[in-house]
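A.B. asks: Next come the chains, spelled out residue by residue.
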Amino acid sequence: MPASLRFLANRLLTTILVIVGAVALLFCLTLLVPGNPADVLLGPRATPEAVAAFSKQMGLDLPVWRRLAIFFGNVLQGNLGTDVISGRPILTMVMEVLPFTVTLTFASIGLAILVGLPLGAYAATHPDSIGDRIGAVFSVSFIAMPNFVVAIFLLLIFSIWLDWLPVLGAGEPGNYLDQLVRLILPSVSLALGWVGYIARLVRSSLLEVMGEPYIRTARAYGVSDTKIIYKYALKNAAIPTVAILGLGIGRLLGGAIFAEIIFARPGIGKLVYDAILTRNYPVVQAGVLVVVLLFVLTNLLVDMSYGWLDPRMRQSARAGGGH
Amino acid sequence: MNGGGTMTTSPLLEVRNLDLDYATARGTAQVLRQVNLTIPRNRIVGVVGESGSGKSTLASVIMRLLPPNLSRLSGEVRLDGTDLLGLDPAGMARVRGNKVAMIFQDPMTALNPVFTIETQMVDIQRGKFPGRSKRELRDRALEMMAKVGIPDPVRRIAAYPHQFSGGMRQRIMIAMALLVEPDLLIADEPTTALDVTIEAQIIRLLEQIRENFSGSILFISHSLGVISTLCDEVVVMYAGSVVEQASSRDLFLSPRHPYTRALLSCEISEEDGGDTALRSIPGNVPDLFDLEPACIFAARCGQAEPRCRQAVPPLRELAPGHRAACVLA
Numbered sequence: 014m015p016a017s018l019r020f021l022a023n024r025l026l027t028t029i030l031v032i033v034g035a036v037a038l039l040f041c042l043t044l045l046v047p048g049n050p051a052d053v054l055l056g057p058r059a060t061p062e063a064v065a066a067f068s069k070q071m072g073l074d075l076p077v078w079r080r081l082a083i084f085f086g087n088v089l090q091g092n093l094g095t096d097v098i099s100g101r102p103i104l105t106m107v108m109e110v111l112p113f114t115v116t117l118t119f120a121s122i123g124l125a126i127l128v129g130l131p132l133g134a135y136a137a138t139h140p141d142s143i144g145d146r147i148g149a150v151f152s153v154s155f156i157a158m159p160n161f162v163v164a165i166f167l168l169l170i171f172s173i174w175l176d177w178l179p180v181l182g183a184g185e186p187g188n189y190l191d192q193l194v195r196l197i198l199p200s201v202s203l204a205l206g207w208v209g210y211i212a213r214l215v216r217s218s219l220l221e222v223m224g225e226p227y228i229r230t231a232r233a234y235g236v237s238d239t240k241i242i243y244k245y246a247l248k249n250a251a252i253p254t255v256a257i258l259g260l261g262i263g264r265l266l267g268g269a270i271f272a273e274i275i276f277a278r279p280g281i282g283k284l285v286y287d288a289i290l291t292r293n294y295p296v297v298q299a300g301v302l303v304v305v306l307l308f309v310l311t312n313l314l315v316d317m318s319y320g321w322l323d324p325r326m327r328q329s330a331r332a333g334g335g336h
Numbered sequence: 006m007n008g009g010g011t012m013t014t015s016p017l018l019e020v021r022n023l024d025l026d027y028a029t030a031r032g033t034a035q036v037l038r039q040v041n042l043t044i045p046r047n048r049i050v051g052v053v054g055e056s057g058s059g060k061s062t063l064a065s066v067i068m069r070l071l072p073p074n075l076s077r078l079s080g081e082v083r084l085d086g087t088d089l090l091g092l093d094p095a096g097m098a099r100v101r102g103n104k105v106a107m108i109f110q111d112p113m114t115a116l117n118p119v120f121t122i123e124t125q126m127v128d129i130q131r132g133k134f135p136g137r138s139k140r141e142l143r144d145r146a147l148e149m150m151a152k153v154g155i156p157d158p159v160r161r162i163a164a165y166p167h168q169f170s171g172g173m174r175q176r177i178m179i180a181m182a183l184l185v186e187p188d189l190l191i192a193d194e195p196t197t198a199l200d201v202t203i204e205a206q207i208i209r210l211l212e213q214i215r216e217n218f219s220g221s222i223l224f225i226s227h228s229l230g231v232i233s234t235l236c237d238e239v240v241v242m243y244a245g246s247v248v249e250q251a252s253s254r255d256l257f258l259s260p261r262h263p264y265t266r267a268l269l270s271c272e273i274s275e276e277d278g279g280d281t282a283l284r285s286i287p288g289n290v291p292d293l294f295d296l297e298p299a300c301i302f303a304a305r306c307g308q309a310e311p312r313c314r315q316a317v318p319p320l321r322e323l324a325p326g327h328r329a330a331c332v333l334a
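Going down the list, the protein sequences come from chains B and D. First residue of the first sequence? That's 14 in my numbering, and the numbers climb one at a time after it. First residue of the second sequence? That's 6 in my numbering, and the numbers climb one at a time after it.
By construction, these hints were calculated from the structure, which means they are not laboratory data. All values reported here derive from a predicted model rather than from experimental measurement. Beta carbons: idealized from backbone N, C-alpha and C, even for Gly. Mixed in with the good hints, there may be bad ones.
List time: in silico DSSO-like cross-link candidates among lysine-lysine, alpha-carbon distance up to 27 Å [to be verified]:
#: 1; chain 1: D; residue 1: 133; chain 2: D; residue 2: 152
#: 2; chain 1: D; residue 1: 139; chain 2: B; residue 2: 69
#: 3; chain 1: D; residue 1: 152; chain 2: D; residue 2: 139
#: 4; chain 1: D; residue 1: 152; chain 2: B; residue 2: 248
#: 5; chain 1: D; residue 1: 133; chain 2: B; residue 2: 244
#: 6; chain 1: B; residue 1: 248; chain 2: D; residue 2: 139
#: 7; chain 1: D; residue 1: 152; chain 2: B; residue 2: 69
#: 8; chain 1: D; residue 1: 139; chain 2: B; residue 2: 240
Label pairs and their in silico Cβ distance ranges [unchecked claim]:
#: 9; chain 1: D; residue 1: 86; chain 2: B; residue 2: 317; range: 53 to 59 Å
#: 10; chain 1: D; residue 1: 285; chain 2: B; residue 2: 220; range: 27 to 33 Å
#: 11; chain 1: B; residue 1: 156; chain 2: D; residue 2: 197; range: 53 to 59 Å
#: 12; chain 1: B; residue 1: 244; chain 2: D; residue 2: 24; range: 33 to 39 Å
#: 13; chain 1: B; residue 1: 317; chain 2: D; residue 2: 24; range: 51 to 57 Å
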């Protein structure tokens, strides 16, 4: 087996292990939560017989290990169960709202990169200038501000005081312009902190890279500054930035839950939040599972991108593959 | 210089009264003091000196690739009559990789690790040949790789720097420098970071190159041995000052400055090896933070007289083309 494939296989195997661990943990979490879900779902006036029957239907009467096995088996088949409240398959419910969360997350990352990267590049090429200092103040403030606070302020300013943007919802189905307009505030609220993060990261890594001898070589051959910064230096500087970004996807997904609640957007976050309020565990489990999957898969992608960014990684993966 | 040389063509590079200071935490370091040197056309001029003699800084000044803690830079660096120190950044960018190219000391770090050799070899030619297609530039690069002895260029051009050995990387750096057909090629200790056997190969390659190279080469080294095999003329630097400049032959046969003589005797005893003890120059290199208005070598010089400590001796022409900064010479 070629070494690069072995690296891929290794990485996939660890990814699968993480997912298995996450599924087991998810299952255990429901055991630790106080209160019988059947009690909560049926309400205080349900008869003990009804509760017992409902528990049986949900499989709550079985021993723990059997429930774990069943849970694993179902997850493996993509069967996340049926929602006891609406009677619809949970997988369908999750899949309906998943595109909204994915769109929001990627729009936020895209926005953060689009703004943060040039800001960082400017700061690195004009260190200690007024622009750099102002950028630093804003970056740090953005990083320090929790994104639900940002979201509330954005709503207040742009939707209520200025009345420029719609307040709530994800937009009419099929009306892409409406959907795009309604994506602005939630994605900005999520992206703002990341703009600061990326600007600071790009600044410090670029500053370091600009001092490298190979940048001097490019200078010595009259390669233009723009090309040196945005081509030769940035690809080197992107390596640490991408590493942090990969870890940050988890935080971003967490932030998306707040944004969905505040802006009343459909999405995994909203789904899980509503399910928690009604102690609808299977839906919570399914929602969290999907978020875990998203997180693990994006991290896998980030790991794979190192190989593209840094050819030495391909080499070291090859060299280390035999051990 | 201009007044005397009416019959000869003007030199390619003239460095006049160059002073350079760096600001450091300890104070101001006088890295170059009143440096004067001339590089004629189609000649290889060697600059020799110990570490800290300012020889690499001299190369950085010509390229105008100076660190930000530069606190003073005065004098003239005339290339083809144009004072490089007076050019704006855009003007200087047009000189780099066009009229002047440079080979760096450490080939392991001088190439960008995340781009292929092809990308780098193509991009460095863009300034010199703005109109040409990528394909043409790539073909030129392939041809040059073959010339500098890189086997299988068509396959190797797609590789990344870490996939080459140090010697091969230095060959790539040399190929890059030759690709832009510079009037002045600066080689800043191109073999110092390499193994001795590889060093010999690179020196042989440079000897081959000089046959067909139409420009001048400024070859910086700490080794008189390497300089003697390659260079037409030699400039000897000590603690930021030029102490002697002469043709290779004159310098090795009749060195005039006591420092040059001391350096030569060290080198010779090194080459004899065997039972003779390694010879060295007594004393230490002067402190660049605290320089006296005296001969820079007086403190270590066996022949120093009181007048050596009273003023900085100017570089005097002792014989045609042979200059030394010593009142005793």
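A.B. asks: So, for every hint listed, does it hold in this structure?
C.D. replies: Each hint, compared with the structure:
1. This hinted pair checks out: residue 133/D and residue 152/D have alpha carbons roughly 20 Å apart, not beyond 27 Å.
2. At most 27 Å may separate the alpha-carbon atoms for a hinted pair to count; residue 139/D and residue 69/B exceed this at roughly 72 Å.
3. Between the alpha carbons of residue 152/D and residue 139/D the distance comes to roughly 20 Å, so the proposed pair stays at or under 27 Å and holds.
4. Under the criterion of a C-alpha separation no larger than 27 Å, the hint pairing residue 152/D with residue 248/B is inconsistent with the structure, at around 31 Å.
5. As the CA atoms of residue 133/D and residue 244/B are separated by approximately 19 Å, the hinted pair is consistent with the 27 Å bound.
6. A hinted pair counts as satisfied when its Cα atoms are at most 27 Å apart, and residue 248/B with residue 139/D qualifies at roughly 21 Å.
7. Restraint check for residue 152/D and residue 69/B: not satisfied, since their Cα atoms lie roughly 82 Å apart, outside the 27 Å limit.
8. At roughly 16 Å between alpha-carbon atoms, residue 139/D and residue 240/B fall within 27 Å of each other, so this suggested pair holds.
9. Remark: the range hint 53 to 59 Å for residue 86/D to residue 317/B is upheld by a beta-carbon distance near 55 Å.
10. Distance hint for residue 285/D and residue 220/B: a CB-CB separation of about 41 Å, inconsistent with the stated range 27 to 33 Å.
11. For the pair residue 156/B and residue 197/D, the beta carbons lie near 45 Å from each other, so the given range of 53 to 59 Å is not met.
12. Range check, residue 244/B to residue 24/D: Cβ separation about 36 Å, and the 33 to 39 Å hint holds.
13. Taken as a hint, the range 51 to 57 Å holds for the pair residue 317/B and residue 24/D, whose Cβ atoms sit roughly 54 Å apart.
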